[in-house]
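J.: Take a look at the letters that make up each chain.
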Amino acid sequence: MLALLTAGCAEPHDREGSNDVIDIPAETVKADLTAAPVQASEEPEATEIFLSPSYPPSTEAPKVPAITSVSGKYSTYDGTNIMRVDDRAYEMCVFLEDETKSYAALISDTAARLKGKTTVYDLIIPTAYGVMMPDDMRESISFYIDTGECIEKVYSDMSSDVKTVSCYDTLMRHRDEFIYFRTDHHWTANGAYYAYSEFCKKKGVEPYSLEGRRVDEYGGFLGSLYKEGGNIPELLPEETVYAYWPVSENVKMLITTAEGNQVEEPIITDVSAYSATNKYSTFAGGDNPITEFTNDDAADGSVCIIIKESFGNALLPFLVDHYSKVYEIDYRYWKGNVVELAEQVGANDLIFANNFMMISSKSNIGKLNMILH
Amino acid sequence: MSIKKLLGIFAAVMMCAVVIALSGCGSQETNEAFNADETLKKLLEDVRYEAELEDVSEYAGFTFSDVADGVDIKMYAAGGKLNDQVIFFKADDASATEGINNSVKTYIESLKNEAKLYNPEEVTKLDNAVIRTYDNCVFVCITNDVETAGSILTVFFLFFL
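Chains F and W, in that order, give the protein sequences. Residue 44 in my numbering sits at position 47 of the first sequence, with consecutive numbering throughout. Residue 82 in my numbering sits at position 74 of the second sequence, with consecutive numbering throughout.
Just chain F, same shape as in the assembly:
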């Protein structure tokens, strides 16, 4: 894993042993974090979570909030890709150019084949590793990669037929907000909202505001990284999943399961009774081969297909407001042909929403290829 981390980066950083704690001297260490963890006993006021003080964008030059670690150290966990700094866990990222070039070629080829019929968008989603890593750690860790630069490199490998959506800078400007979970590899609905806003900008439509939306809250969330790391105590307390509903009131969701059964469910699932690890499943029914959304409030007959893994789930409640029909496909589990589907349903837009780890994943890119050819 460490060998992979160093591909295209500075000199390797070898370590052995379990739960290694690496002491990286920081230039300055502040006693308090700019993004303090949510205490289980105190719920934040709604305005702190739902509305950023800096959003909608002001006329001033955008600033990236500084984040400095408390401890100046990071820990890794044997047999995992997890890194922890203070009370936040990260899935360590790699950037493998051979794989990302394959990914870029796939997207470009799809856009060429659908040219004139369906507009193809590509949204590479940064993970917390790229956005939330404290600045002192970004500078000190020799194998740390700049996610923003890597994403732009991949976009530069794509043809002009692809409309690329850059959300890294926007997420960086809002990194002092609750945009990524501390205990899970996913982003929050707020993080997804900022990416959705960038997509709208690219598409040339106004994003619907977060204000006034119905929002569900599911506490007690201890996500994938907490669990995979063996229940890391430093990541406590639990987090809360906030799930925004669409603005449209008449959205139906029809899931086709891996077994081929069709189930109608609300777009935000009540996950109160779900295990602590599975609260992220509240968004768009979780990961299923194909899910169809119908918005009776959008009468223009517009159709969108979104090809995603789990990060994309949190985008759906925002995207469905803009289309009469959305087909959400998880390329890891669906067996079909996207180009044929796009032609069959008359898709106006095809969005690839893929997280930063995926674009370097040989197996996932292989699976994506299978549904594109």
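In short, the hints are calculated from the structure, not lab data. Mixed in with the good hints there might be a few duds.
[Claimed, not checked] List of simulated lysine to aspartate or glutamate pairs, DMTMM-like, C-alpha gap at most 25 angstroms:
no., chain 1, residue 1, chain 2, residue 2
1, W, Lys120, F, Glu94
2, W, Lys89, F, Glu261
3, F, Lys332, W, Glu117
[Claimed, not checked] Stretches of chain F that chain W covers, calculated by requiring three or more beta carbons in the stretch to come under 8 angstroms of a beta carbon on chain W:
no., stretch
4, 75 to 89
5, 361 to 370
We put the beta carbon where it would ideally sit given N, CA and C, even for glycine.
Fit chain W to the known structure of chain F by using the hints.
T.: What follows is chain W alone, placed relative to chain F:
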């Protein structure tokens, strides 16, 4: 002639037959192709998988685009959340197998990274992937039925000598 002598002659004849069989009749190329195809067939038919394996060979070249040109790849996979699969690489010569093994290693590592987050129950299966290299051939078998897969590939190895 005593029974002992008869048995001795019988054993000697059998030994000769085994030696002749192992050294091969006809061209080495015919035997190698026969054995590899038979072994692949056994891996597909005799090993237990959690779901039926589909022939996805047409996509294998893309997934393993980093192996040398001229490598023939056959790939069969369960798909979905299951990682059960069989992959067979046959290169023009043995020098390509190092590159093939590197590519396989990267591939399995990426499957594991995915499994750790989404299907932790698949991680052990991937850790126990059976990978064997014989001259210009590389076999990969990912299954819970590791014993059967391993024994099939061991027999192939003996045949190959």
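J.: Hint by hint, note whether the structure agrees.
T.: Tested hints:
| no. | hint | in the structure |
| --- | --- | --- |
| 1 | W/Lys120 x F/Glu94 | holds (20 angstroms) |
| 2 | W/Lys89 x F/Glu261 | holds (22 angstroms) |
| 3 | F/Lys332 x W/Glu117 | holds (23 angstroms) |
| 4 | 75 to 89 | holds (count 3) |
| 5 | 361 to 370 | holds (count 6) |
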